[in-house]
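Visitor: Sequence:
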Amino acid sequence: MSPRSTIFLVIHALALLAWLPALISSHMIEVPAGKKECFFEDLHVHDKMTVTYQVGEGGHLDIDFWLTDPSGKVLGKQIKQDTGSVAMVSFNVHGVIYVSGDDVVAPVEREIRALAAGLTSVKDEQEYIVVRERTHRNTAESTNSRVKWWSILQAIVLFSVVAWQIYYLKSFFEVKRVI
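FYI, in mature numbering (1 follows the signal peptide of the UniProt record, and there is no 0) the residues of the sequence shown are -26 to -1, 1 to 153.
The hints are simulated quantities; they were obtained by calculation from the structure and are not laboratory data.
Careful, some of the hints might be misleading.
[Stated by the list, open to error] Think about it this way: if two alpha-carbon atoms lie no more than 30 Å apart in a straight line, the pair counts; the simulated DSS-like pairs of lysine-lysine are:
1) Lys10 with Lys122
2) Lys150 with Lys9
3) Lys51 with Lys97
4) Lys122 with Lys22
5) Lys22 with Lys10
6) Lys47 with Lys22
7) Lys97 with Lys122
8) Lys150 with Lys97
9) Lys10 with Lys54
10) Lys9 with Lys22
11) Lys47 with Lys10
[Stated by the list, open to error] The following label-pair restraints were derived from C-beta to C-beta distances:
12) Ala91 with Ile130: 54 to 62 Å
13) Lys47 with Thr117: 41 to 49 Å
14) Pro44 with Ala91: 23 to 31 Å
15) Arg151 with Arg120: 51 to 59 Å
16) Lys54 with Ala91: 32 to 40 Å
17) Ser134 with Glu99: 49 to 57 Å
18) Ala91 with Asp36: 27 to 35 Å
Every residue gets a Cβ at the ideal spot worked out from N, C-alpha and C, and that includes glycine.
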């Protein structure tokens, strides 16, 4: 393979990777404990949608989640879960708005939109990582506390057994004379 074709492939691969985030959209939502939220998402036929949720704090660390179609039919339902995911492919679209291709977007504006989408993605991932770190930290602190108390209990038992053995051995070697 010639160097020119290798460079051509690399440039096309980078262009494809830069274009890929535009195909994906996401939302990061905080639902306060005891509250109910409803969201509506417009989908085209055969669009794939995955909803992933995670409870980081508040309430009993669980959530009731359900996904319905436009007619109200429940597509996915999960009750009292702390994390979960529901995936679906749309098949019943009521209307699609087409945007004409005549609107020319300047390359700089297109690049700014791609950067903004990338920054939003990084921010969402960072928020997700913060929630995971908090969960892992709480688990580690709980484990550390249990190990500490178990070690203290073992030390108390060890010193009690040592004291009893010393007392028993002293009494065993004691000379008892009757006069």
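Visitor: So, for every hint listed, does it hold in this structure?
Guide: Status of each hint after checking the structure:
no.	hint	in the structure
1	Lys10 with Lys122	violated (41 Å)
2	Lys150 with Lys9	violated (79 Å)
3	Lys51 with Lys97	holds (28 Å)
4	Lys122 with Lys22	violated (48 Å)
5	Lys22 with Lys10	holds (25 Å)
6	Lys47 with Lys22	holds (18 Å)
7	Lys97 with Lys122	violated (37 Å)
8	Lys150 with Lys97	violated (81 Å)
9	Lys10 with Lys54	holds (14 Å)
10	Lys9 with Lys22	holds (28 Å)
11	Lys47 with Lys10	holds (18 Å)
12	Ala91 with Ile130: 54 to 62 Å	holds (59 Å)
13	Lys47 with Thr117: 41 to 49 Å	holds (44 Å)
14	Pro44 with Ala91: 23 to 31 Å	holds (27 Å)
15	Arg151 with Arg120: 51 to 59 Å	holds (53 Å)
16	Lys54 with Ala91: 32 to 40 Å	holds (34 Å)
17	Ser134 with Glu99: 49 to 57 Å	holds (52 Å)
18	Ala91 with Asp36: 27 to 35 Å	holds (32 Å)
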